[in-house]
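Novice: Spelled out, the chains give:
Protein chains: 2
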Amino acid sequence: MLTVKTSAEATAIIFDTFGKIKMPTEKVDILSSVGRVLSKDIISKENVPDFNRSTVDGYAVLAESTFGCSESIPAILDFKGQVLMGETPTMTVGKGECVYVPTGGELPEGANAMVMIEYAEDYGDGTIGMCKPSAPGQHVAFRGDDVKVGDALLTSGTKLEPRHIGVLAALGVSEVSVFKKPSVAVISTGDELVDVTESPKGAQVRDINSYTISTALMELGCDVKKIGIVVDDLPLLESKIADAVATCDMVIVSGGSSVGVKDATFKVYDKLGEVLFHGIAIKPGKPTILANISGKPCFGLPGHPLAAYYIFHLFVSPLVSSMAGVAAGKVADTRIASLSLSVPCNHGREECIGVKFVEKDDKTVAEPVYAKSGLISNLSESDGFIRIPRDCEGLSQGQEVEVELF
Amino acid sequence: MLTVKTSAEATAIIFDTFGKIKMPTEKVDILSSVGRVLSKDIISKENVPDFNRSTVDGYAVLAESTFGCSESIPAILDFKGQVLMGETPTMTVGKGECVYVPTGGELPEGANAMVMIEYAEDYGDGTIGMCKPSAPGQHVAFRGDDVKVGDALLTSGTKLEPRHIGVLAALGVSEVSVFKKPSVAVISTGDELVDVTESPKGAQVRDINSYTISTALMELGCDVKKIGIVVDDLPLLESKIADAVATCDMVIVSGGSSVGVKDATFKVYDKLGEVLFHGIAIKPGKPTILANISGKPCFGLPGHPLAAYYIFHLFVSPLVSSMAGVAAGKVADTRIASLSLSVPCNHGREECIGVKFVEKDDKTVAEPVYAKSGLISNLSESDGFIRIPRDCEGLSQGQEVEVELF
Chain A
66 MLTVKTSAEA TAIIFDTFGK IKMPTEKVDI LSSVGRVLSK DIISKENVPD
116 FNRSTVDGYA VLAESTFGCS ESIPAILDFK GQVLMGETPT MTVGKGECVY
166 VPTGGELPEG ANAMVMIEYA EDYGDGTIGM CKPSAPGQHV AFRGDDVKVG
216 DALLTSGTKL EPRHIGVLAA LGVSEVSVFK KPSVAVISTG DELVDVTESP
266 KGAQVRDINS YTISTALMEL GCDVKKIGIV VDDLPLLESK IADAVATCDM
316 VIVSGGSSVG VKDATFKVYD KLGEVLFHGI AIKPGKPTIL ANISGKPCFG
366 LPGHPLAAYY IFHLFVSPLV SSMAGVAAGK VADTRIASLS LSVPCNHGRE
416 ECIGVKFVEK DDKTVAEPVY AKSGLISNLS ESDGFIRIPR DCEGLSQGQE
466 VEVELF
Chain B
66 MLTVKTSAEA TAIIFDTFGK IKMPTEKVDI LSSVGRVLSK DIISKENVPD
116 FNRSTVDGYA VLAESTFGCS ESIPAILDFK GQVLMGETPT MTVGKGECVY
166 VPTGGELPEG ANAMVMIEYA EDYGDGTIGM CKPSAPGQHV AFRGDDVKVG
216 DALLTSGTKL EPRHIGVLAA LGVSEVSVFK KPSVAVISTG DELVDVTESP
266 KGAQVRDINS YTISTALMEL GCDVKKIGIV VDDLPLLESK IADAVATCDM
316 VIVSGGSSVG VKDATFKVYD KLGEVLFHGI AIKPGKPTIL ANISGKPCFG
366 LPGHPLAAYY IFHLFVSPLV SSMAGVAAGK VADTRIASLS LSVPCNHGRE
416 ECIGVKFVEK DDKTVAEPVY AKSGLISNLS ESDGFIRIPR DCEGLSQGQE
466 VEVELF
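Quick note, the sequences are listed as chains A and B, same order.
The number in the working numbering is simply the position in the first sequence, starting from 1, with 65 added.
The number in the working numbering is simply the position in the second sequence, starting from 1, with 65 added.
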């Protein structure tokens, strides 16, 4: 008999069993790599900048040529020409000399500082007056100042954002090695379900989970195989799940997980593989199943859309991210906020409560979203949720909580 | 002569001129609508649930049949059969009667409460003993409890997330009306630039902005036309920009915006349309241009990749979101955190400073990312940035700041 697990136990079983699964890797063009996960550290093979670069428009000088100058007593330097953008200068700068260099241009040999154009006056006779002294290194990025050969800039497991793409571009990495997208099959089971394109009759309801779970998986960077509704027919469900296991990296079935009359998901999982747990002591979401079929993680989520969505975020999403190669500790998307209302204690079971962010007295606070049978209204209003431990005696108004964002 | 604007003035000019531009709309399948922006309010045409639904596995009863019962004195009710999932019950429930209904099933007429199966005992003789009284409405979601016909559930301007897709699915909306993606042309100008696929020679540097700006635009949900590098040749730049204006909703040129020797972007924008400002009193990013060419917003960003990235987030991104239909006030992605270090005052100019989130004493704090010529290292390390007003006398360690996330 499988006993109900605490959420910590469930997480431990999930990662003990499947935590080592990692997708194989592939190369992608950096322009289409946002949201993908780096599979190799990025070590610079170059110095950045690769030359001594001016950070201002002005005159490259030997700093000591300007020491002691001022507006009333400018340092008068010989103008030796100008450097164009992208061009390697051919002249040198010695004591008493200067060369015009634009922002981003290369300093001529000999120069070790820049005087901004605002502090220089062109006398028109081949000399320039400097009205402000410049210290050695001022307004100059020396070779390797930003990045040196061998510097580790991005680590394997980083989920790539536009700023990372900039780093890759700067280092000349046009194709990057990333983990392949996990492929996940999504099935909804239940005789009462009809697809969104159909009109429910009698006590039928529309299949919501196929859509929330599939799109949440897409957001996580998965290839989703949305199988849709499978009626509570054991041989049919078994063949659909067996197919899914054979062709995907993970299977998610929602519905059919209650210890009720049919309990179809449990029966099929139990027949095809090993059920690792059946039931998590959490509200909502108790009837949750995890099975290992041919080494692949197969989840059974509650049929109730809100419960399925919570369980997905709490238990499925972390495993998906791990399989996709996201480094541990880089997954959580949470926000600290204070509660706008007190939340009463729960009764011996960990509980998740939806919250929305609202502005109150110029501060963003987290407001619990209650609804008797809060399903759609709750889904549409909640920006995320808070977890209340099972031994908690309630949360007070104004207390800081960690909101897990949807 | 165009004077330098404060950032508030620049934002006002941007929105006064272009704030009314909205993309036309189109219909998309809800499975591919995550990240798209709703162009119509979603008003429910249905009641949810559309029948009186049980929220537990158990027995549908008339609540008063159970009043006063207990474990020692159960209420003994006549069992009238069971309701199957998705089925409209044909029997009724009167006083002294009960019917089995699974979670999500429809209550028979007459029943107004559920008794959980855990509190019922089947005597096997056609009667069931109830050990716990149920109040009217207990464990029942009545017709329309969650959503009533005419309820407004999602409003135009909502950027769709998986939870919203669930709401659409529940209401039978399989295709949804969204704003079209703004198309944006991205150009980098500068004689010193080479593409990421090439090796810089001498004082050349790689084009970073085409990649950061293009991918950031993709993240915002734009169709990006990456034109890439255009050398500082006025007729060439002019023809590229004229083409871009003719075919896109917005043009972004980086580089060529300094009041320097060439100043190519300004010259072309000034020739093709009206330059609305040239220079924002902000660090980094002063040399920023906005022009109106044939009614389309055309930005000139600094060539410096970090400055271009800041300016994009501060001034371009809000306009892109507005054009894409995102409702005002739903754009900012910020996080409050306390500073891990003091930040010295700046000098009369608003300043942006990159910060990264680090864990310190079990709290997430914002740590300023300093680097002398911090370009790539700064980009790779900063999770976002803070804005320091121009009249601020510095920020103290521990002070709470609002971090704008990249």
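The set of hints was computed from the structure by calculation and includes no laboratory data.
Among the hints, erroneous ones may be present.
Using 30 Å as the maximum straight-line C-alpha spacing, the simulated DSSO-like pairs for lysine-lysine come out as follows [said to hold, decoys possible]:
id, chain 1, residue 1, chain 2, residue 2
1, B, K213, A, K197
2, B, K245, A, K224
3, B, K213, A, K266
4, A, K224, B, K290
5, A, K425, B, K290
Just some of the chain A residues that point at chain B, by a computed CB distance under 10 Å [unchecked claim]:
id, residue
6, P154
7, E171
8, E174
9, V212
10, V214
11, S221
12, G222
13, G237
14, S275
15, A346
16, P367
Backbone N, C-alpha and C fix where the C-beta goes; we use that ideal spot for every residue, glycine too.
Novice: Flag every earlier hint the structure violates by its number, smallest first.
Specialist: Hints 1, 5, 8, 10, 11, 12 and 15 not satisfied by this model.
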